[in-house]
Amino acid sequence: MKKPSRNCDPVMVSCFFDKELDLADDASVDRHINSCPSCREMLDELKTLSREVRTHITGICDTDHASIEKSLLETICRKKTPFGERVKEAVLSKKVWIPATAVASLLLVFFTVFQSPGVTEPSAIIASLSGDVSSIVIIETPRTRQTILWFNEEFNPERLDL
Amino acid sequence: MVSYKTNTRDWDEAELVLGLKEKDEEAYRELVRQYQAKLFRIAYGITLDREESSDIVQDVFLRVYQNIHTFKGDSKFYFWLRRITINMCLNWLRRWKRRFRWRHQPLEKGEGENVVELGTESYSPETLYREKELEKILQEGLKTIPEDARTAFILKEIDGLSYNDIAEILKINKGTVSSRIFYARQKLKRSISSLLDQGETE
Numbered sequence: 397m398k399k400p401s402r403n404c405d406p407v408m409v410s411c412f413f414d415k416e417l418d419l420a421d422d423a424s425v426d427r428h429i430n431s432c433p434s435c436r437e438m439l440d441e442l443k444t445l446s447r448e449v450r451t452h453i454t455g456i457c458d459t460d461h462a463s464i465e466k467s468l469l470e471t472i473c474r475k476k477t478p479f480g481e482r483v484k485e486a487v488l489s490k491k492v493w494i495p496a497t498a499v500a501s502l503l504l505v506f507f508t509v510f511q512s513p514g515v516t517e518p519s520a521i522i523a524s525l526s527g528d529v530s531s532i533v534i535i536e537t538p539r540t541r542q543t544i545l546w547f548n549e550e551f552n553p554e555r556l557d558l
Numbered sequence: 188m189v190s191y192k193t194n195t196r197d198w199d200e201a202e203l204v205l206g207l208k209e210k211d212e213e214a215y216r217e218l219v220r221q222y223q224a225k226l227f228r229i230a231y232g233i234t235l236d237r238e239e240s241s242d243i244v245q246d247v248f249l250r251v252y253q254n255i256h257t258f259k260g261d262s263k264f265y266f267w268l269r270r271i272t273i274n275m276c277l278n279w280l281r282r283w284k285r286r287f288r289w290r291h292q293p294l295e296k297g298e299g300e301n302v303v304e305l306g307t308e309s310y311s312p313e314t315l316y317r318e319k320e321l322e323k324i325l326q327e328g329l330k331t332i333p334e335d336a337r338t339a340f341i342l343k344e345i346d347g348l349s350y351n352d353i354a355e356i357l358k359i360n361k362g363t364v365s366s367r368i369f370y371a372r373q374k375l376k377r378s379i380s381s382l383l384d385q386g387e388t389e
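Protein chains in written order, with the numbering used here: chain L, 397 to 558; chain P, 188 to 389.
Derived lysine-lysine pairs resembling DSSO-like cross-links, with alpha carbons at most 30 Å apart:
id, chain 1, residue 1, chain 2, residue 2
1, L, Lys415, P, Lys263
2, P, Lys374, P, Lys323
3, P, Lys330, L, Lys443
What the hints contain is simulated information worked out from the structure, not anything from laboratory work.
Work the whole structure out from these sequences, hints included.
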């Protein structure tokens with residue numbers, strides 16, 4: 397690229413390219429560009445860049461938008477349908493009842509498996525035994541008898557009479 | 188039930204707006220036909236995301252459906268549509284999650300991979316490859332421009348708006364528009380040069 401001179405103003409060239417200068421500035425920049433190879437090159441670059449960007453974006457966006465039209469018209473039709481009808485449609489739609497059934501099943505399983513212990517009942521320790529290795533407690537409630545067995549974490553085998 | 192018959196009527200702007208206000212299905216079909224490509228280009232230029240642009244344009248049309256009664260006709264109908272589109276795009280940009288997604292798309296994916304027929308005269312494998320590379324480089328170059336500068340730049344390049352119009356839409360002063368556009372061009376030029384250099388050394 398040619399070296400810009402002191403009079404070169406790239407911002408002015410950019411504004412000139414966009415036709416955003418007032419008449420006097422426009423004429424002045426135009427004269428300068430005609431006499432300055434560096435600014436002329438800059439202007440050519442702006443033209444190329446602009447063309448490439450427009451081609452690039454237009455090319456990407458140059459697709460069939462039929463889906464937009466279809467979706468919009470369907471939404472409009474839906475909105476035109478009376479509220480009662482829409483509720484009925486929504487309730488009967490698979491999108492509603494399939495997830496609703498799935499959630500209901502999950503809740504049923506959850507409450508069946510992880511249900512709370514219910515009402516607390518009186519209980520009594522009817523026997524307990526503590527040893528070096530483990531301990532046992534037998535608890536009785538009005539309906540059941542339960543044995544709880546646990547092992548001591550700090551086990552000393554030397555204390556065993558083997 | 189939606190019908191998809193072809194719209195053959197010629198609509199002027201006033202007729203179209205009236206039709207939209209009366210919720211006429213034909214008018215909505217015409218709305219999409221006339222404006223979707225223009226709005227899509229603006230949306231894509233700002234978001235650089237094809238899918239999101241499609242969603243945004245669709246949302247714009249839905250907003251028109253819901254708010255057409257608020258359009259008083261003080262400005263051109265297209266200006267109103269364009270303003271809604273730009274506002275929606277700017278809101279989209281503010282959502283960091285989505286921004287994160289496109290910033291991290293792999294280079295190889297290449298936005299806008301149009302399907303072209305291979306082996307035809309105008310699309311020899313070499314030409315096709317060069318065009319694809321250039322597209323990729325342009326796409327990556329556009330991504331390196333900060334969003335505020337890119338928005339001003341795209342409104343200028345794609346929709347040909349004046350600095351005054353851009354200033355009004357983005358609520359900034361004319362001088363800022365000028366410097367943002369200049370900055371965007373410099374940044375894009377540098378990014379493209381650097382990407383082209385990288386490509387040559389590989």
